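S.K.: Listed here are the chains, written in short residue letters.
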Amino acid sequence: MKMPRYLKEVIEENNRLREQFALVEQQNSNLANLYVAAYQLAGTVDHATVLQSIQEIIANLVGSEEVGIYGMSDDRTMLVLARSFGIDEVRLAAIKVGEGKIGAAAASGEIYVSPSGTPDEENITACIPLRIESEVIGLIAIFGLLVHKPALADIDRDMFDLLAIHAATSLYCATLHEERFANA
Amino acid sequence: MITKKKILIVDDSQTVLLMEKMILSKGPYTIVTATNGEEAVAKAAAEQPDLILLDVVMPKMNGFDACKRLREQELTRTTPIIMVTTRGEESNVENGYASGCTDYITKPINAPELLAKLRGFLGE
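From first to last, the protein sequence lines stand for chains P and L.
Reminder that position 64 of the first sequence reads as 1457 in the numbering used here, one-by-one numbering, no gaps.
Reminder that position 43 of the second sequence reads as 45 in the numbering used here, one-by-one numbering, no gaps.
Okay, chain L solo, but in the shape it has when bound (with noise of 0.2 Å):
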């Protein structure tokens, strides 16, 4: 039986989950979502997922503050976090790794680079 990963998504952007939603619902994953950075860091304490992918540009908590809470939290502090990002520019992403970050991947996302990522932190 294949154990299903849980992914929390977190986008403020509807079209954005969907898209995420849609290349990941095809896997062997479970996915959870957040709209903003405060919810994130609530849903992912309470849902403890296996990999987080985080927007940067978000309302009340952005991408990088949110990351910074959830290396802190105990319970997220290893959860490999990717930041998801329209912005690629160096000083950006170099923001996201000192927060905490994993990993990240730019805007418009590439589904086969999504799901290799995914698939090398998740040991699949």
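In isolation and in its complexed conformation, chain P is listed as follows (with noise of 0.2 Å):
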């Protein structure tokens, strides 16, 4: 029996109406991850507790259990660890500014991602120099993914980009909390 023409039409238009609502549903998500991420970093002025939330975010948000979480030298010639998890601690405490691609990404201030978004050869997947204004403060090194995320999506670049000014803007403030009460 053949289909009436206006039913054909009303399930294409059902389809169509079903891809767009879970069009909209991914676009909520990716809009809600940003928004928790800025919600958290800017709730908080204690250094442990910003440097906590950018490793809930990375590893919640982003997808990975193997990060570094630097600071700068009073000299900003080198990059020095403040927080990591599931990486070389020892090997990776501090990072020559220029040197290699964390030590590159900190001296130009421009985002790394691997061409893939995965791991490169160098088992880096992103670096993200943190900055107040053009001052590169600190930076973010992503080396491995979780094992279920295949790579990096287009809303990490995003997270990346906020990552980049508000997890510094957090960190400056803390810094300058910290100095305040230690000064008082």
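None of these hints come from the bench; they were simulated from the model.
A quick note: this is a predicted structure, and the numbers were derived from the prediction, not measured.
Warning: the hint list may mix true and false statements.
Claimed, not checked - Just so you have them, the derived chain L footprint on chain P, three or more residues with Cβ under 8 Å:
#, segment
1, 1409-1420
2, 1452-1466
3, 1496-1510
4, 1539-1552
Glycine is no exception: its CB is placed at the ideal position from the N, C-alpha and C atoms.
Both chains come to you apart, so use the hints to assemble them.
M.R.: Here it is as structure tokens:
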């Protein structure tokens, strides 16, 4: 029996709306990710809590448990590990600015993402310089991804842009807050 | 009138709790939270949720042990439990099922996937 034309049109329209709904749901999810990250970073002036929030964001919203969060040495020549998880913290304790991919990202202030969105030959997936305006005050290095995360997605790149600014501002504020109480 | 289903979210990470609350808050759900396995077992008995989202790595009592305890409790013996884990390895998933979970989902959470699972278990 031949399907009436109007019924076919209704089915096609239904499929189209279902696809649109799925797309909107995904967009909402992406926006929620960014909102949650910004909210968590802005919610504290405690240095350790900011570092903890960055770790949680990378683990739970990006999908990596191999991360180093670096601060900048006073003479601005070295990245110094402030917090890490899942990496060799002795080997990666300090990195010279300008040296290797991590050091180069710190020197340029530009986010590095491996071309494939997966760990490269040095097991680096992304380097996110933390910037206050044009000054780099630290860096987040992401190494391996979780086993079920095949590669970085577009939303992860948006998340890196957000982290570059908001994580930097939160860490900077936390440092100022600590100094204020130390001097009081 | 839509009857809201109650969901217990268990995670020690405030980031994840906030994320999951945001995903679910627009749906017909009442949200209850706990931040470790012990609290989850107590809250599940008191609140009798329709479904539990359970993290694995938590202080005091991990998700696997909490899941076993929930299955021992009469009130939560058949409550759907979805394990939410960063560890997607097969052995970890097997441990989840062995402890009595109904299903699992990996972090980073994919909202459409989570909502689809909830709709399936809650018969929406």
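S.K.: Decide, hint by hint, whether the structure agrees.
M.R.: Evaluated hints:
With 3 residues bearing a CB less than 8 Å from a CB of chain L, the segment 1409-1420 of chain P meets the requirement of three and the coverage assertion stands. Given as covered by chain L, the segment 1452-1466 of chain P passes the check, having 6 residues with a CB less than 8 Å from a CB of that chain where 3 are the minimum. Coverage of the segment 1496-1510 of chain P by chain L is violated. Counting CB-CB distances below 8 Å, 0 residues qualify, and the rule asks for three or more. Coverage of the segment 1539-1552 of chain P by chain L holds in this model, with 4 residues showing a Cβ closer than 8 Å to a Cβ of that chain against a need of three.
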